Amino acid sequence: MKRRRAVLAMALGAVTALSSIGLTGCGGSKASSDNSYSVWIYNGADASYYTEYEDNPVVQYLTKDKTWGDEDKTISFDYWQPAAGTQQDNYQTMIASGDLPDVISGVIAGTPGTMLENGNAIDLTDYIKKDMPNYLAFLDANPTLKKDAITKIDGEDHYIGILSGCDAVDYYFTGIEYRRDWLVKYGTNPQTGEKFTGGYTDKNDPDSWEDDVVFPSGGTDPVYISDWEWMFDIFTKAQKDLGITESYSISMYYPGFTWSGGLCSSFGEGVPVWYEDSNGQVKFGGTEDSMRAYLECLNNWYDKGWLDQDFYQRTSDAFYEIDDTNVRQGKVGMWQGVESELGGRLDSGDELTKGICVYGCALPINDVYGSDSCKNIEPMSVMASSQGGTFWYLTPTAEDKDIDTLLQFFDYFYSEEGALLHTLGLSKEQAADDSTGIYEEYGLTDGAYTDNGDGTYTVNPVLTNDSGGLGLAVSLAEVPGIQLVKNIDRGWADTYKHSKDTWIQWENKGMFQGSAVTLNMTSDEESTCDTARSKVLDYMQTNAAEFIRGKKDINSDADWNTWCKSITKFGVDKISAIYQPYVDEYGYNASAQ
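Numbering (numbering that gives the first Met the number 0), first residue to last: 0 to 592.
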C-alpha cells in the first residue's frame, strides 16, 4: 500500500471554464426521502454570525428547495464542528473512537493513501469517474494538480480523497514588507541625488500613497540584495533621527532560516534541505555554496546592526509576526508581515506610525554574496500560496449512504456557478431567497458579487475591506470545490494589489515536499526521509544562528567543513536517491516535459 503526504504547496496551470451540472433547480420534483450526511469540518464561521454551520446561508439555499443527482433528491448536512483551539484533539479522539462522520475535511487528516490504509477513508475511484465530470475536467486542465489528486496503488491510479483547488495561484496572506515612507523622507535618488517626494493623496484612504522612489537597480521596486542593503542604510538613518533605540532593519525566523524557502532561496535554486533543481535533479541545499552565501549575508547584516540582534531568542513568534509589537509600533524598517499591515493600516496617529506607508516586495535576487553560482538567480524554491487545497474524504460510515448523489452535489462546486457560491456566496437573485436573513442584516441584498457579463465578477464593496469573517460566513468554504482567483475583482487599490502581487512573483518549481513527489512514496521511504530530515533540521537549527552571530566563522573553511560533515553523516545522499525516481515521474521538471 502506498502512503502519501498532505499537500503543502503546488504550482499549476490555468483552469478552463467548466459547465455546471447536478443542480436540478428550485421547484423541481423531489425524491420521496432526503439524504442526510454528517461532515467533520476544521473551522466554521465566526460565532457572531452563527454557531451551527447548517445555518450558513449557502447551505440553506442549496438544501432547502434544491434537488440533486440523477434521482432529484434533496440533501441535508449535520456538521461536526470542534471548538476553536480543540481541532487537533477533537480529530484524534474521533479517529481513535472509530465514531466517524460520513465526510471528513482533511485539513489535519492523514494523506489519501494513509487514510485508506488505516480504514478511515474509502476508495472513490469508480464514483468519481461516474459522478464528477467537472472535477475530472478541472484536474485535466491542471496536470500538476492532477498528479497530487491521484494515489498510486500497485501502479494504478486511484482517487481516494477529493482535492479542492484554485483556478490560478492564489494570493498569499504574508510576505516581505517595508517602510516606504522612510525611503521618501530619508532617502535620495541614487542616480540624481535628489530627495524623493511622496505621500497620501487622500488622508482617509490607506492605499492612496504616491511617490517617486527609485531603487539603485533602476526600478520602483527593490529587485536585488543590494537594493535591500541600500534601504537598510536609509532605515538606520530614520531610526537614529527618530530616537529609536535598539533598532534594526530586519528580523529573521529564530533558527536563522526557513527550510521551505524564504530568503534562503535568493542565493541559488534551492532550500536548506532537499529540492529539485532546474534540471530535475534532487539536490540537498544545506551544504551547498548557496547556504554558505546566505549565512555570510546574514552574518554581515548582524555585524552591521541591520539584523535583529535578538532574532534567535524569538522562539515563540510565528514566522509572519516576528517581534510584532515593535513592528506595529513603527520601529522596524522591513519584516515578514501580513496584508492587514499594508498601506497606511498601521497608522495609529502616534509619532512613529503617523503617515506610515507599508509596501510589499518580492524576495530579492542575490548580487552581492558568494560565488557567481550563487548570484543573479531568480528564487525557484519558495514558500507561497498555490492552486492546491484540502483533501476531502468519505469514510466507511458513508458506504451505506447514497454516495452517487453526494458526489454529484460536490461536483457542482467544480462548475463556475458552484465555484462562485464556494468562493464568494450568493448572487443578488439567490440572496433574495436567503432564509437566514444574514445577507439583509449585513447589507448584502445585492448579493456577494456582481456578474459583469464578461466572465468577470466584482466583489460587493461590503466585503472588499472585510477581514475575512463576513466573507467566510456568507460563502460555502467548507466543501470541496474550486476557489476562483483570476476573474475576481476584489476592489483592491492598485498599490495594495501590487504589494500582494509581489508576494507571489516567484513560482515554486523546486520545493517538492508535500507535492505528488512525496505523496506517492511508500511508508518505509517516507519514514526514512522524515527521520533524516528531522535530524538534519535539528542540527541546522542549533548551529545556523551561531554562524550568523559570529560564534562560528562562516569564512573559516574549517568551521564550514565541520558543518558539512556533521550534516552529511545523516545520509543526505541516500535520501536524495530515494527522492529521485519520484521527482523523475512527478517533479516540476517532469510536468513540464
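No lab work stands behind these hints: they were computed from the structure. Just so it is clear, the structure is predicted and the values come from calculations on it, not from any experiment. Mixed in with the good hints there might be a few duds.
Unchecked claim - In silico PhoX-like cross-links for lysine-lysine, where the CA-CA straight-line distance does not exceed 20 Å:
1) 353 <-> 184
2) 550 <-> 573
3) 303 <-> 550
Hint check results:
1. Under the criterion of a C-alpha separation no larger than 20 Å, the hint pairing residue 353 with residue 184 is consistent with the structure, at around 13 Å.
2. At roughly 31 Å between alpha-carbon atoms, residue 550 and residue 573 are farther apart than 20 Å, so this suggested pair is violated.
3. Taking the CA atoms of residue 303 and residue 550, the gap is near 15 Å; set against the 20 Å cutoff, the hint holds.
Hint 2 from the list above is the single one not met by this structure.
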